[in-house]
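Quick note on my numbering: the sequence shown kicks off at 44 and runs consecutively.
Because the hints were derived from the structure by calculation, they are not lab data. A virtual CB, placed ideally from N, CA and C, is assigned to each residue, including glycine. Certain hints may be false.
Claimed, not checked - Restricting the straight-line Cα-Cα distance to at most 30 Å, the calculated cross-link-like pairs of lysine-lysine (DSS-like) are: (1) K178 with K194; (2) K46 with K194; (3) K193 with K46.
What the hints assert, rightly or not - The following label-pair restraints were derived from C-beta to C-beta distances: (4) D50 with F128: 32 to 42 Å; (5) E190 with S82: 13 to 23 Å; (6) G85 with G173: 23 to 33 Å; (7) Y74 with G173: 40 to 50 Å; (8) P115 with V162: 20 to 30 Å; (9) W133 with T172: 21 to 31 Å; (10) Q201 with T172: 19 to 29 Å; (11) E177 with D52: 35 to 45 Å.
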Amino acid sequence: MNKTMLDPDECFAASLQHAAPMSFIIPTASYTHRVLVVSSEGQSYALFVDGPPDFRFHFLECADRWAGLHVPDVRIELDPASIVFTDGQWPPLGSLTRHGENLNVQTSRLDRRSGGFSVAMTIMSGLPTGDGHEKACFSRWQIVVGEGDKKRVLHEVQADIPEAL
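Could you put together the complete structure from these sequences and hints?
Here it is as structure tokens:
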């Protein structure tokens with residue numbers, strides 16, 4: 044079994060409210076989940092990437108009771124073999140869409156009880172811009188730390204693609 048190892052200077056334990064954007068939080072208790080901390084429109088959010096409640100977000104300002112092992116400065120990698128043709132439909136929950144200068148995740152609020160409602164939240168901006176009209180939606184992506192020979196995969200995501208009606 045291939046295990047991901049971290050250098051001690053790559054991580055620290057703290058509550059979620061101390062997380063910087065693009066940090067990955069690994070649970071230190073059995074009742075919590077893996078979280079990617081993102082920033083959108085000046086607000087920080089915890090995006091749950093395993094679950095349930097997978098691919099739901101929570102405002103960080105209310106997260107003092109959540110804690111875990113923080114791995115800051117993570118990166119996201121997209122699998123080009125997983126491009127989803129949405130044909131005007133909503134992208135699958137948990138998928139990432141590259142549009143314009145942004146990378147968006149399809150998510151919903153943690154406190155939202157109704158099923159099927161999702162929103163596109165920008166998690167990265169300032170990326171190289173295409174023509175602004177075209178989009179590429181990815182159902183597989185991963186969270187990594189390090190680069191080159193020192194790159195390690197911390198978490199892999201496979202967004203479920205709804206079957207055609």
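Hints, one by one, checked against the model:
no.	hint	result
1	K178 with K194	holds (28 Å)
2	K46 with K194	holds (13 Å)
3	K193 with K46	holds (13 Å)
4	D50 with F128: 32 to 42 Å	holds (40 Å)
5	E190 with S82: 13 to 23 Å	holds (22 Å)
6	G85 with G173: 23 to 33 Å	holds (25 Å)
7	Y74 with G173: 40 to 50 Å	holds (42 Å)
8	P115 with V162: 20 to 30 Å	holds (26 Å)
9	W133 with T172: 21 to 31 Å	holds (23 Å)
10	Q201 with T172: 19 to 29 Å	holds (28 Å)
11	E177 with D52: 35 to 45 Å	holds (41 Å)
In summary, the structure agrees with every hint in the numbered list given earlier.
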